[in-house]
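Trainee: Here the protein sequences line up with chains A, B and C, keeping their order.
So in our numbering, spot 88 of the first sequence is number 88, and the numbers just go up one at a time.
So in our numbering, spot 48 of the second sequence is number 48, and the numbers just go up one at a time.
So in our numbering, spot 101 of the third sequence is number 101, and the numbers just go up one at a time.
In case anyone wonders, no lab produced these hints; they're calculated from the structure.
A quick note: this is a predicted structure, and the numbers were derived from the prediction, not measured.
Please note: incorrect hints may appear among the correct ones.
[What the hints assert, rightly or not] Each computed DSS-like pair below joins lysine-lysine, with the alpha-carbon atoms no more than 25 Å apart: (1) C:112 / A:187; (2) A:165 / C:165; (3) C:41 / A:191; (4) C:106 / A:178.
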Amino acid sequence: MLDELVQELKSKFPNAQVQLHNPPEGVGSSSIEITPQSLREVCFYLRDQSPLKFQVLQVISGIDYVDYLEVCYMLANFDLNRSYEMILKVKLSDRVNPSLDSVSDIWPAANWQERECYDMLGVVFKNHPDFRRILCPDDWEGFPLRKDYVAAKFYNGMQVYPDHKMNLEERSYIIHSKSQAEELQKKSLAKGL
Amino acid sequence: MIKENDKQHEHLDHHHDEEEVMEDYEVGTKPESLRSELLTLNMGPQHPATHGVLRIEIKTDSEIVAEAIPHIGYLHRCMEKHSENLDYRGIIPFVDRMDYLASISMEVGYALTVEKMLGTEVPARATFIRTLVSELQRIASHLVAFGTYALDLGAFTPFLYAFDQREKILRFFEEISGARLLYNYVWIGGVWHDITEGQIEFLRDFLDEFEKELDEYHVLVTSNSIFKDRTKDVAIIDLKTCFEYGATGPVLRGAGYRWDLRKIQPYLLYNQLEFDIPVGGDHPQVGGVVGDCLSRYYVRMCEMRESVKIIRQLIEKIPAGPIMGKVPKIIKLPKGEIYMRTECPRGELGYHLVSDGGKEPYRLKVKSPCFTHVSILPKIGPGLMIADFVAAVGSIDIVLGEVDR
Amino acid sequence: MKTSLIQESSTSDVSRKDKEETSPFVQYFRNIFNAVSSTIKGMSITLNYVLTRKPTSIEYPEVREVLPANARMRLYNDALNCIACNQCAMACPVDCIYITSYPRPKDLEVPKTEDGTPKRQVLVQYTIDTSLCCYCGLCTTVCPTECITHSHDYEFAQYTVGQFKYDYTDEDIIAWRDRILGQKNK
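The shape of chain A in the complex, shown without the other chains:
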């Protein structure tokens, strides 16, 4: 099914650089990759004119590969006698200011999904009707799901990782000196351990 879809898209949208990615080790789902600029026209086609009508957008998931960001759209068909889903991928090579067109007028489900993708990964969606963070507080700094994310030490005056909760004494990377180690060993041996 995906092969025919790829052929159709290649013929209708020649500058979308449609590629089919099969799973590298044989197990898993295949996905179709297009360029970010052709996202909207391909999505309109997939929803309205393609014989495999994808009426429903299920989820938008963003992944941070260290060189680039990837945004995956899971589309599904909800016809009663056949049902399938597909993964549509877009690669964004600009990690500093990634931006993409919003598809929330094509599928209103994309509204909240895109807000979450922005909140977690920092991808800016243009022409989004209600663009702000959804899960993290509105004044949070940083994008948590990026691989190089380091949480801020203080948030609104509160320490994010307070010292008394970090169990610093109990963690074994506090290295005892040789005399301390021998003393502790003697105590344990006396208890019969």
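Position chains B and C relative to chain A; hints supplied.
Mentor: Only chains B and C this time, still in chain A's reference frame:
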């Protein structure tokens, strides 16, 4: 001190000229010239015993909602980031805690996703036990939905009756897995503990009693005319809205569409079992229109009956055998990605798992059904009265652990 | 202006005679009859519960429920049988187990645990932070000597969060050994 600061705040005082005020209150003035504005009301984030930490900012025009803006994120624990540092077995307790009222469904979805990538064979007895436990969890979750929905609308009795029946299911779960709510029971490759003959006998007695209880709930709640008046024709989510917003589960079935992943893309043992899919509009004698709160509620009640039918068929046929398949000590998935969805009591749950060949997933994204359902509220809210809005929020059955993850 | 904002809704009850045109007068009394009769039917079920059913509440703390054998309550590590292999600390998804151990001095004889495994390490500190523990049971499944188990203690409220760290090498906690290991036999 006070006198000095007086001048600073002068710009905040609203000085009305005498003439302006008199104009507004002249006799015979048209309603349009009276100044009115929308009142912003906060529903939450604390609720009495239901819903979880959801804050809905409602802008009302006297009693009618003009705008409803949900704010979520109060229970956000960033499970997706945690799962990038945990091995595949250690993610199961985290996955439990997403939808804490239907933990088994979360675990089954995750275990099936990992097993599909790994290619393990799950023994037959384990698959039977997984299906049995999934359907029991569906009954337990719908009982909470029923009880808390009636509580939202002011009925205090059905809540405790539903929880009384649910206690028996939770007691069964405690005997097989060790915990009442967050089980960590469905593991990759099988299940953790086995079930004994005595527990199956207990299930038989429970199912007989439960069917009679269901009839009582219908007399108590469904045919009560106050309940009917509050839920009939309220907050109609039609099929087009469902497709646009990606609603699934009882919300889509309440809109009249016979869509259930257990029949359309069967997983576990659902292709060998006989059961129906109840849909809004199947029983017109209940009243209301297709897609309103009453039909969503009635779909859940009928689903409980179908689950009882499924469990009865399963109990007859459980085979003997091992409960755990062959799984390597350190689980490493091949490179690639997979997206798999299953039907949990609140809708379709999807897992998008990306693996780079290591011990931990590279990315685990969860498509949670309640997240999409809460996004429908800004569409159906406007036009409802506040009491109807409460009924609408209760009828879509959200659990905030799943919305926020 | 305001009435147009309300969603169109009908409040008439669906009944068999709905197909005919019922006058509002008749409908008014029918509504009253339906409301009263459905409420009475519901109340009869509640009355049935009051008169015929036994209460299902267990009067805690005078009566306590008996927990099933594999109930997952507070953890207990039997330090005398622990070989400090670190498997539980690695399996824990929330990293709440902290273990410190040193190799046994060569001149001492190597004692054995109850099932015969030699204890080559001296366990100096074995702390579980019970406030972080999620009671999943993964540590109990990977222990090779089955020294860490779930006890049936669920009443262990403390005044401060710091008091939740239990060091299982303390003498006071080793003294619980007989009580806890005997819980599951009852």
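Trainee: Look at each hint and say if it fits the structure.
Mentor: Okay, the hints, checked on the actual structure:
At roughly 19 Å between alpha-carbon atoms, residue 112 of chain C and residue 187 of chain A fall within 25 Å of each other, so this suggested pair holds. Simply put, residue 165 of chain A and residue 165 of chain C have alpha-carbon atoms about 11 Å apart, close enough for the 25 Å limit, and the pair holds. Of the supplied pair hints, the one linking residue 41 of chain C and residue 191 of chain A is violated, its CA atoms being roughly 69 Å apart against a limit of 25 Å. Between residue 106 of chain C and residue 178 of chain A the CA atoms are separated by roughly 16 Å; this keeps the pair inside 25 Å, and the hint holds.
Against the hints set out earlier in the document, a violation occurs for number 3 only.
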